[in-house]
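Engineer: Please model the complete structure; the sequences and the hints are all you need to start from.
Protein chains: 2
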Amino acid sequence: MEKINNLKYANMQPKEVRKLIRDGKIDWNTSGMCSGYAQANLVILPKNLAYDFLLFAQRNPKSCPVLEVSDAGSKALKLIADDADISKDFPKYRVYEKGVLTGEYGDVSRLWRDDLVSFLIGCSFSFESALLEAGITVRHIEEGKNVPMYTTDIDCVPAGVFSGKMVVSMRPLPRDQIVKAVTVTASMPRVHGAPIHIGNPSAIGVKDINKPEFGDGVTIKEGETPVFWCCGVTPQSVMMNSKPDFVITHAPGHMFITDIKNIDLKD
Amino acid sequence: MEKINNLKYANMQPKEVRKLIRDGKIDWNTSGMCSGYAQANLVILPKNLAYDFLLFAQRNPKSCPVLEVSDAGSKALKLIADDADISKDFPKYRVYEKGVLTGEYGDVSRLWRDDLVSFLIGCSFSFESALLEAGITVRHIEEGKNVPMYTTDIDCVPAGVFSGKMVVSMRPLPRDQIVKAVTVTASMPRVHGAPIHIGNPSAIGVKDINKPEFGDGVTIKEGETPVFWCCGVTPQSVMMNSKPDFVITHAPGHMFITDIKNIDLKD
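So the sequence lines, in the order shown, correspond to chains A and B. Following my numbering from start to finish, the first sequence increments by one per residue and tops out at 267. Following my numbering from start to finish, the second sequence increments by one per residue and tops out at 267.
Since the hints were derived computationally from the structure, they do not count as laboratory data. Since the structure is predicted, the reported quantities are computational estimates derived from the model, not experimental observations.
No copy is singled out in the list; a pair is fine if it fits within one copy or between any two copies.
Each computed PhoX-like pair below joins lysine-lysine, with the alpha-carbon atoms no more than 20 Å apart:
no.: 1; residue 1: K211; residue 2: K145
no.: 2; residue 1: K25; residue 2: K15
no.: 3; residue 1: K62; residue 2: K266
no.: 4; residue 1: K180; residue 2: K266
no.: 5; residue 1: K165; residue 2: K211
no.: 6; residue 1: K78; residue 2: K165
no.: 7; residue 1: K78; residue 2: K62
no.: 8; residue 1: K92; residue 2: K25
no.: 9; residue 1: K221; residue 2: K180
no.: 10; residue 1: K78; residue 2: K88
Structural biologist: Here is the structure:
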């Protein structure tokens, strides 16, 4: 239902849609809005944790591809969007305190503090759009589901207070699309890049491919191979694991629409 | 003279050469040592400036491609070298206090502090090695000179206390090598990546191509085009501009030899 609604936003400019979101006229997921433009995940942390998180991102660039980091206290962005208000331009936010979800908000301006640093992180919506253009199957989109995601047994490189296992997303592919899917996504390192694994799920600690920890299970047809990419859930999962006193994230699927075209995220 | 000496180190393993450097048996430039292995630039800052510098690097990845950031106080590395001692494994260090060079040392272990964070930064030696393998002219190597470097009128994206102009290196190329040089270096974003400019020097504020601010002037032959790449002098120049109380860098050309092959810096 939401998807059908979103079709009418597909050809609008990011600035127009951000305005509708800011004014509370759009409070649902942003999937399919502003076709061709990159959307971004959000992590907002107090400055005293920002260094550890930025270092975590530097050490785990495929899991945590940072598109922009705000100046402390600033609600504006300089690189990926003009005239943004980080506290209002996501349709839905989540606040976690000591690892516990304490609220969902359509606007976090009343919670704003001078020490908050915002991390805008690349999102797989961008590379899925490139996969679709290249004629590659994206099963969860075909089936109208959320992408299946799994916690692996691969340790992220820790940084300060942040550590944890890598989370991956999976898209099953027929044999003749695998190489193309690698080359298409390899050219987009700022949105997770090339797959982290192709084939046997147990090699990365995935116990049951039909039971993802996050998102929905999808059909894997006879002869198809599961292909795994680093996933933007990793930084959120790692951060929850470390239970910071205060953190704001976007609600899943409720993203920020940037002024950057997906094609400009190619190297 | 040093170049001839270095030939005998070309086929040694990084770990062996680091040992010779650590023991004070090599105290000269590392050009040509451990053929095929990446070398790294160094910036060591107190923790209170590390966030601004890491953010500067995130915002200016082509000028400041970070290969690894140490944990505060640690002399070890986890990703690019085993068994390293950051305070001893460069042949020569420079210490700057409030922007003034106050000393050159072969070993900075006596200056070590628990709050020091080391940034190991990708170096153009890696992409020059790839250019040479691809049969592309590298004029300053042909002429036995240092690469010519210029301060441009392009502002880096500032971060906290760090701001300044982009510094570029230049290699003149015949018409039929330009595209190949772009594609070869574009595949190595962790060592400055594709050129930032091709052609007219004045378009990026370079006043006299024959008078570089750093390094040596090189011959530009009839019909050749100057090709400009982001340069590892940028972070040092920007940092000197901000005059931090205390910073340690490597001495130019006196690099750290990593365990990472240049080919592994391809995306």
